[in-house]
Structure formats: structure tokens, C-alpha cells
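K.L.:
Residue-level listing of the chains:
There are 2 protein chains.
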Amino acid sequence: MTFLIYAYFCNMLENKNSSKTSLSDLGEFALIDHLTKKFGLENKSSHMGIGDDAAILQHGNKPTLISTDLLIEGVHFDLSYMPLKHLGYKAVMVNISDIYAMNSIPQQITVSIAVSNRFTLEAVEELYQGINLACKNYKVDLIGGDTSSSTKGLILSVSVLGCASEKKIVKRDGAKENDLLVVSGDLGGAYAGLQVLEREKAVFKVNPNTQPDLSNYAYSIERQLKPEARKDVIELLDELNIVPTSMIDVSDGLSSEILHLSKASKVGFHLFEEKIPIDPEISLICQEFKLNSTTAALNGGEDYELLFTIDQKDFDKIKNHPLLTVIGHACDNKAGCQLITGLGHQIEISAQGWQSFS
Amino acid sequence: MTFLIYAYFCNMLENKNSSKTSLSDLGEFALIDHLTKKFGLENKSSHMGIGDDAAILQHGNKPTLISTDLLIEGVHFDLSYMPLKHLGYKAVMVNISDIYAMNSIPQQITVSIAVSNRFTLEAVEELYQGINLACKNYKVDLIGGDTSSSTKGLILSVSVLGCASEKKIVKRDGAKENDLLVVSGDLGGAYAGLQVLEREKAVFKVNPNTQPDLSNYAYSIERQLKPEARKDVIELLDELNIVPTSMIDVSDGLSSEILHLSKASKVGFHLFEEKIPIDPEISLICQEFKLNSTTAALNGGEDYELLFTIDQKDFDKIKNHPLLTVIGHACDNKAGCQLITGLGHQIEISAQGWQSFS
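Quick mapping for you: the protein sequence lines, in order, are chains A and B.
Here the first sequence is numbered in our numbering, starting from 90 and rising by one per residue.
Here the second sequence is numbered in our numbering, starting from 90 and rising by one per residue.
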């Protein structure tokens with residue numbers, strides 16, 4: 090108890106303005122590393138901890154995967170253009186995408202919400218309608234959660250549990266030199282959609298009676314407001330009898346994800362700019378907004394596509410498949426991660442990603 | 090897409106002040122029930138969903154339990170007297186207590202935090218020191234989480250995973266008529282501690298140089314700032330070869346928990362006021378604050394003791410055990426839940442509990 094009362098005094102008497110290290114100096118990934126480096130794994134049932142899309146544990150004879158995300162109003166979403174139903178749907182997608190990124194099947198979710206008193210029951214119901222739709226579409230069960238009031242805005246915390254047989258689980262650390270780097274779908278769309286929505290929000294503030302014609306932006310807005318996790322890609326890989334050597338989902342942007350695979354697998358990558366799949370609508374929006382579409386794909390994030398490596402022997406199985414594009418290959422670690430431009434220039438890939446603390 | 094753009098417009102143009110149902114009309118438990126009633130369980134691996142201390146799932150041949158809690162600054166804790174290290178410790182206790190309340194062993198946790206820019210790295214480190222100490226003391230592994238910035242204050246979301254053999258898991262729904270109602274430790278302490286701390290905070294605001302003598306309040310403050318989950322009670326029950334018929338942890342107050350057991354098990358309860366274990370220090374504090382100590386035990390909450398029912402045949406095994414007190418028994422459902430006072434009066438038990446929305 091002496092310690093306790095002492096601690097109590099310290100806290101109450103502490104000068105909260107004394108100069109210390111700011112969190113924005115570190116960034117999210119470094120912060121997690123720093124805070125958790127002293128935590129070991131003691132239980133036999135804890136197979137893999139922090140550092141991949143999901144953690145792996147095993148209480149019986151089959152592994153369970155778990156991943157968790159916090160979504161905070163004003164940081165991760167803006168309710169002035171994100172309908173609550175879509176937010177609920179997206180919150181589930183963001184999480185189950187992490188389980189697919191381990192080549193595994195999401196099975197259960199827990200959803201905790203905290204809401205300030207500006208939310209009505211009907212508003213929270215809308216949110217849960219979106220969660221329910223996502224659960225039905227992806228055959229995931231809501232099994233738990235917590236509700237609370239918040240002092241400001243809406244806070245969502247979602248955890249997802251999945252399973253797979255041991256030999257099918259794909260981590261970030263298995264890529265080998267010469268493996269092909271493959272991405273599903275196309276990239277940069279969610280970022281382009283965000284630009285469109287932010288512009289419309291600004292217009293709306295000036296003149297709330299404008300009726301914007303958004304028909305040219307339909308795909309990009311859908312990518313931002315109602316992304317779909319790539320269950321179909323996981324099913325396709327299973328049909329094609331391909332187990333990727335490494336995998337990650339594109340939540341922070343292609344650059345950041347390639348660097349994650351590189352760091353975990355200890356290989357470099359060559360990424361060919363011309364191969365990066367970008368939808369024509371997205372290219373047009375990037376032109377309109379004077380953005381480089383490669384930059385949108387590299388740093389935009391929130392596309393929730395799957396990025397993975399496969400052995401060259403599997404190339405014929407995926408060749409010309411409309412869902413998948415080979416965008417590069419793994420190389421010697423010393424070569425680092427390089428973007429090869431159309432003119433053949435090499436540019437080192439750096440992670441811009443999404444910095445919630447900056 | 091038509092729906093999507095339509096929804097987008099609706100949201101942007103919506104009158105957010107139209108009169109709707111306020112969340113405080115419902116309360117936390119009713120809100121969870123209401124929001125989740127349309128969610129069924131589709132996966133064979135989802136054994137039990139919302140409605141107990143933890144959910145149960147099974148991906149291999151042994152069940153996994155999961156429980157999750159959100160802790161929000163200004164709603165669940167006050168950093169002016171809650172040291173961050175204690176907060177980290179308590180956040181883990183609150184969660185693993187839910188797994189013990191299923192007669193199961195917590196094994197893994199995930200911790201997500203969101204912090205505003207008033208927190209320094211050193212502050213967040215202190216929080217994680219408390220989490221780490223709790224993990225070590227209770228042999229639980231931190232396996233995942235998320236970090237983010239917040240627009241206001243500190244937000245913690247903790248999920249815990251546990252396991253047990255199928256036949257040892259104890260839910261809320263197994264109490265039978267004539268079963269004995271047993272509680273571990275003593276009650277009302279955390280609530281008394283909160284009163285002391287709130288008073289000191291008020292004194293401190295007026296005169297920051299006062300040096301309060303808190304030695305008479307040591308136990309109550311510890312119950313509030315550094316609660317311990319009842320791992321020892323679960324181990325004791327195992328040694329005594331007792332599997333309770335129903336169990337819950339005392340997080341919202343004895344009244345609320347008895348009503349939960351009653352509702353789930355479809356039995357009534359007789360609770361004897363004179364049997365409710367209250368520490369002498371807590372009685373004195375209640376006198377000082379002009380509080381009824383029975384009320385503190387019934388409605389105070391945050392004691393994290395275990396409340397459970399056992400078959401009468403197990404009575405001899407626990408009789409006079411210093412950790413356990415028989416405080417009543419289950420009776421016919423029609424009789425409802427009654428507090429029997431020292432003078433023999435019956436008072437119907439109503440849940441005051443902890444209402445985060447009021």
C-alpha cells in the first residue's frame with residue numbers, strides 16, 4: 090500500500106507539462122514495437138503475437154486467429170459523408186480483411202461502441218444494420234462486445250476471430266527471392282474517393298443546397314465508403330491450390346505493405362510501376378485532382394486488396410486471371426525495395442502510409 | 090451504387106436534430122439486447138454469443154472464451170487520481186475477471202489504445218507497465234492490439250481470450266432452486282474508495298498543497314485503484330472439486346449481478362443482508378460518508394469478486410472458508426429476488442448498477 094499511496098500523490102501532484110517525448114515523433118508501428126517489446130509469450134497456446142495482420146493462438150487442436158482495430162470519429166472517419174450503415178459495414182470489412190490476409194476464414198466478431206449523447210437509438214441501429222449486413226454477406230457471427238457512452242463522438246472497437254488449418258496460414262515472413270509479387274483488384278480507388286468526398290463536403294459547407302452529380306465518381310466513392318474484403322480471392326487461391334508464401338492486406342498503401350513483407354521476409358522487392366492495376370475512373374479522378382495515380386496507389390491506403398507472394402511455379406495458375414495482377418518480384422534483401430518506372434528508373438520505396446499521430 | 094449515392098446524400102442533408110429516441114432511455118443492457126437481437130449464430134464454431142460474462146467459440150476440439158471491454162477517460166476512469174500504471178493493471182483485471190467468472194483460465198489479451206496529443210510516450214509507457222505487470226501476475230500473454238490518436242482523452246479497448254474444458258465452463262444459467270448463493274472476498278470497497286478519492290480531488294482543487302493522510306483508507310483505495318481478479322478462487326474451486334452451477338463477476342454491484350443470475354437461470358434469490366461480507370474499514374468509511382454499507386455493496390460495483398451458486402451437497406467443502414461467504418440461496422422464480430434484512434423484512438432487489446448513459 091505504501092507504493093500505492095505514493096503513486097497516488099505523484100499523479101495528483103505531477104506537473105503534466107514537463108517536457109517529454111511526443112508520440113508523433115514515433116509513428117504508429119514504432120510505438121507498438123516500443124510498447125510491446127518487453128512482453129514475451131508465456132502460454133503454450135500463444136503461437137504468434139504482435140507483428141502480422143493477426144495473432145495466432147491455439148486452445149484445442151486447431152489454431153485461432155485474432156485481429157483487432159479501433160475506429161475513432163474525427164481520426165478514422167467523418168460522419169458528414171460516411172453514412173452510419175456504411176461505417177458499420179466498413180468496420181467489419183477492415184477487420185475481416187486482416188484474417189483473409191492470413192489466408193484464413195473469419196468466423197466471429199466482437200463489436201464495442203462508445204457514443205456521445207448526440208447519437209440517437211435510431212442512429213446506433215443504422216450502424217448495427219451495416220454490421221449485420223456485413224456479418225450476413227461474409228458469414229461471420231457477432232458474439233460479443235461492450236457499449237458505453239463517450240465524452241466525444243463515436244468510437245468503435247472491433248475484434249475478429251478466424252480459423253484455418255495450420256499449413257494454410259500465411260504470414261508476412263515467407264517470401265523468398267524470385268517469388269512473384271501479386272495484388273488483387275485495383276489500387277488507389279479509396280484514396281480518390283476520399284478526395285471527391287472531401288471536395289463535396291467543402292462545397293456543401295458553402296452552399297448546402299447544391300446537388301452534386303457524382304455519377305462519374307461512383308466507383309471511387311464506393312471504394313471509400315463500402316469496401317469489400319477479398320473473401321473471393323482467398324476462395325480462388327484455395328481452388329487454384331495455391332498457398333502464397335507471404336501475404337498482407339493493403340490498408341495503409343502499397344508502399345507500406347511491400348516494406349512490411351520485405352522486413353518480415355528479409356527480401357527486397359522490384360515493383361513495376363506500369364503493372365500497378367489502376368481503374369480508368371480512378372486515373373481520370375487523379376487527373377482532375379492533379380494527383381499522380383501511382384502515388385495514390387502507393388500511399389493512399391484503405392483499398393483492402395490482398396498483396397501476396399507466390400512461388401514462380403504457380404505463375405501459370407494465375408496468369409491473366411482478371412482478379413490478380415503480378416506487379417513485381419522478390420529479390421535480394423540488399424537491393425532493397427525499388428519502384429521501377431516506365432522509363433526504367435529505380436526509385437526506392439518509402440512508406441508514407443497513414444500516420445494517425447502526425 | 091444507386092443506393093450508395095442516395096445514402097450519401099441523405100446523410101449529408103439529414104437534419105441531425107430531428108427528435109428521436111435518446112440512448113439514456115434504454116440503459117446499457119437493454120441497448121445491447123436491442124441492437125443484437127437480429128444477429129443469429131451461423132457458424133458451428135460459435136457456441137454461445139452475447140449474454141454472459143464471455144462468449145464461447147470452438148475452432149478445434151477445445152472451446153475458447155472471449156470477452157471485451159471499452160474503458161474511456163471521463164466515463165470509466167479519472168486520471169486525476171488514477172495513476173496510468175494502475176489503470177493499465179485494472180484494465181487487464183476487469184477483462185480477465187470475466188473469464189474467471191466462466192470458471193475458465195485467461196490466456197491471451199489484446200489491448201488497443203487511442204490517446205490524444207496531451208499524452209507523452211512516457212505516459213503511455215507507464216500504462217503498458219501496468220498492463221505488463223498484470224500479464225506477468227496472471228500469466229496472460231499480450232498478443233495483439235491497435236494504437237491510434239484520439240480527438241479527446243484516453244481510450245482503452247481490451248479483449249481477453251481464455252480456455253477451459255467444456256464440462257468446467259460455468260455460465261449464468263445453471264442455478265437451481267435451493268442452490269446456495271456464495272460470494273468471494275468482501276463487497277463495497279471499491280465504491281468506498283471512489284468516495285474517498287473524489288473527496289480528496291475536491292480538497293486538492295481548493296488547496297493543491299494539502300498532504301492528505303490516507304492511511305485509514307488504504308484498503309478502500311486499493312480496491313478502487315488496483316483490484317485483483319479472483320484467480321485464487323477459481324483455483325480453490327478446482328482444488329475443492331466444486332463446479333458452481335452458475336457464476337458472474339461483481340462488476341456492476343451485487344444487486345445487478347443477482348438479477349442477471351436470476352434472469353438467466355429462471356430462479357429467484359433470497360439474499361441475507363447480515364451475511365453480506367463488508368470489511369470493517371469499509372463500514373467505517375461508509376459511516377464517515379453517511380452511506381449505508383449494504384447499499385455500497387449492493388449498488389457500488391467494481392469489486393470484481395465472484396458471485397456463484399453451488400449445490401447444497403458442496404456446502405461442507407466451503408463452510409467457514411475465509412475466502413467465501415454463503416449470502417443466500419436460490420428459490421422459486423415467482424418469489425423474485427429479495428433482500429432479507431436483519432429484522433426479517435423483505436425488500437425486492439432492483440438493479441441500480443452502473444448506468445453509463447444516464
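It is worth saying that the hints were derived from the structure and are not from the lab.
All C-beta atoms in this analysis are idealised placements derived from N, C-alpha and C, irrespective of residue type, glycine included.
Keep in mind that the hints are not guaranteed to be accurate.
FRET-style restraints, in silico, Cβ to Cβ [unchecked claim]:
| no. | chain 1 | residue 1 | chain 2 | residue 2 | range |
| --- | --- | --- | --- | --- | --- |
| 1 | A | Ser-372 | B | Ser-111 | 45 to 51 Å |
| 2 | B | Asn-305 | A | Glu-131 | 35 to 41 Å |
| 3 | A | His-434 | B | Lys-127 | 51 to 57 Å |
| 4 | B | Ser-111 | A | Ser-169 | 36 to 42 Å |
| 5 | B | Lys-225 | A | Ser-169 | 57 to 63 Å |
K.L.:
Among the hints numbered above, which are violated by the structure, and what are their numbers in rising order?
P.N.:
Numbers 4 and 5, in rising order.
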